[in-house]
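**Q** Since the structure of chain A is already known, use the hints to place chain B on it.
Number of protein chains: 2
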Amino acid sequence: VPDFAKVADAVKAGDVRAAARLMRDLDDQVPGAVEVMKLLYPHTGRAFVLGVTGNPGAGKSTVVDALIEHYRKLDKKVGVVAVDPSSPFSGGAILGDRIRMQRHATDPNVFIRSLATRGHLGGLSRSTAEVVHVLDAMGHDVVIVETVGVGQDEVDVVTQAETAIVVTVPGLGDEIQAIKAGILEIADVLVVNKADREGADRTVRDLVAMLELRGHDAREVEIVRTVATTGKGIDELVHAVDRHRQRNSAAHQSGIPERARRRAEATLREQVVDRLRRAVDDELKKHVDLVDRLAERTTDPYTASDELVRAITTRS
Amino acid sequence: VPDFAKVADAVKAGDVRAAARLMRDLDDQVPGAVEVMKLLYPHTGRAFVLGVTGNPGAGKSTVVDALIEHYRKLDKKVGVVAVDPSSPFSGGAILGDRIRMQRHATDPNVFIRSLATRGHLGGLSRSTAEVVHVLDAMGHDVVIVETVGVGQDEVDVVTQAETAIVVTVPGLGDEIQAIKAGILEIADVLVVNKADREGADRTVRDLVAMLELRGHDAREVEIVRTVATTGKGIDELVHAVDRHRQRNSAAHQSGIPERARRRAEATLREQVVDRLRRAVDDELKKHVDLVDRLAERTTDPYTASDELVRAITTRS
Chain A
2 VPDFAKVADA VKAGDVRAAA RLMRDLDDQV PGAVEVMKLL YPHTGRAFVL
52 GVTGNPGAGK STVVDALIEH YRKLDKKVGV VAVDPSSPFS GGAILGDRIR
102 MQRHATDPNV FIRSLATRGH LGGLSRSTAE VVHVLDAMGH DVVIVETVGV
152 GQDEVDVVTQ AETAIVVTVP GLGDEIQAIK AGILEIADVL VVNKADREGA
202 DRTVRDLVAM LELRGHDARE VEIVRTVATT GKGIDELVHA VDRHRQRNSA
252 AHQSGIPERA RRRAEATLRE QVVDRLRRAV DDELKKHVDL VDRLAERTTD
302 PYTASDELVR AITTRS
Chain B
2 VPDFAKVADA VKAGDVRAAA RLMRDLDDQV PGAVEVMKLL YPHTGRAFVL
52 GVTGNPGAGK STVVDALIEH YRKLDKKVGV VAVDPSSPFS GGAILGDRIR
102 MQRHATDPNV FIRSLATRGH LGGLSRSTAE VVHVLDAMGH DVVIVETVGV
152 GQDEVDVVTQ AETAIVVTVP GLGDEIQAIK AGILEIADVL VVNKADREGA
202 DRTVRDLVAM LELRGHDARE VEIVRTVATT GKGIDELVHA VDRHRQRNSA
252 AHQSGIPERA RRRAEATLRE QVVDRLRRAV DDELKKHVDL VDRLAERTTD
302 PYTASDELVR AITTRS
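Quick note, the sequences are listed as chains A and B, same order. So the first sequence is numbered by the numbering used here: it starts at 2 and just counts up by one. So the second sequence is numbered by the numbering used here: it starts at 2 and just counts up by one.
Read the hints as simulated data drawn from the structure, not as lab findings. Careful, some of the hints might be misleading.
Stated by the list, open to error - Straight-line distance between alpha carbons at most 30 Å, and here's what the computed DSSO-like set of lysine-lysine pairs gives:
no. : chain 1 : residue 1 : chain 2 : residue 2
1   : B       : 286       : B       : 77
2   : A       : 7         : A       : 77
3   : A       : 39        : B       : 77
4   : B       : 77        : B       : 13
5   : B       : 7         : B       : 77
6   : A       : 287       : B       : 39
7   : A       : 78        : A       : 287
8   : A       : 39        : A       : 77
9   : B       : 7         : B       : 39
10  : B       : 286       : A       : 39
11  : B       : 7         : B       : 78
12  : B       : 7         : A       : 286
Only chain A is shown next, with the shape it has when bound in the complex (with noise of 0.2 Å):
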């Protein structure tokens, strides 16, 4: 029986080796791991957890990399989940230009981690959340979630963040920009990065219109420029994150503040999801003759889904 309170106080005390196992544990699906995260859960809390999310070649990595350099300059620890999404084949990791970001690899008060975007056929799940906590654990003054798309990543962004920035851009096509009306909703400050180039004007102006479309709480989101390759802008950034954040808390100094009550719920669902997910996995092993017959055409995935929710919710 391996000691799960030991393995727990390794991490508290901001053992890298020992965190790096346990989200390998985590991932494998190491039975105890989740008991050592009951362990650390009484310990986290107490990073401010930031979000970065937008448009692809909006330079999200470079303003992360930026970000990272400030807070280091505070002397602050840093923890980066940044979410790849990844080949539904070979389960990969793309990396892009996160490598900007391995500049910081070496510096032990910075610790980055990749993660692949769950996919149903490769059956990959890891929980950004399970992730946050142990960064959050280990004693990170700030975790910095980063994904990369639309859709579901924003939405686990916003679940996991405090503060929620998203990064555009000046430029971006129609499709883009109907794709950002999307994402913009989840924002609480947003970066147009690149602002040196042309038609970041017009981009600030887009904004602001979107803004107004949102309605009264988009009153207070902030627009910053930034140049992120050069730094410029970054501190007017951390400022306006600062502020979001002191509204924020200032915002819930009374009952569940319902930020905290759509996250619990969305950690929650995770949770469960990734069990019954990897528990629909099992049995799709366990059925290939049912995969067959459904390849076959001699059944219907209508009545085979049947068989093996059956499956599923007997078997505990």
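**A** Structure of chain B alone, referenced to chain A:
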């Protein structure tokens, strides 16, 4: 008791209102809807299912629009499933330049259905497979499944499609190139759209290099240049699609084709995970206290999810 056979017959006869009602009932989990699907399923498998995916801003919708026009000239009935990234909070689908396709909306032989992607916050979880089955059973000759974004959505496309088209565009940034490497793995035909733009030659060269890395199964992936707004290259694209389809069916004359097994498994997984996800949503509503305790930090997500998993797996 509604007459399932009557509904199924109406859908098989191509009744648009009956089909739309059935899709809505599937969304709303009206129990009889699944019974209708069981009756319809033996009448599916005749449509040619074509997936179209790629980077945001690559002009996928314009390519789909040009393909609709092409197939309509051949007097084919065309169904389109447009999977939209939806706002996690409003749950609303984003139209973007989908509007372009709407000129076909008045054509009785074109059926366009927008589908919001699933998001765990909203609990939205509509099945692409179900909609494809309905369109197929209605007698559509071609069903085009279009997705926006990266990651999860591409998996859905390849799951349903016999041939997967990946659309890209010259002059995208590094990060997008990296994402492309991921979606490249699912491509049967590659399209460089907006090929009149500067950099098209380089994009084609990059794709060739990427295909070489992918290995021998990529040897037959054709790269087609299009300017979808003018219809340029669409004939070539359709020919490339036809050639892939022929090679595909020739390769799979004997036994259960690997792709059919993969599709069967993914369809089954999607169905089962969808149903379990709804069960999770139901249980979350019943366990408001659990969410409150988690938000108050008087429990942890690991212990709370034990409780919820137990509730779900013992309730049927």
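**Q** Give me the numbers of the hints this structure contradicts, sorted from smallest to largest.
**A** 1, 3, 7, 12
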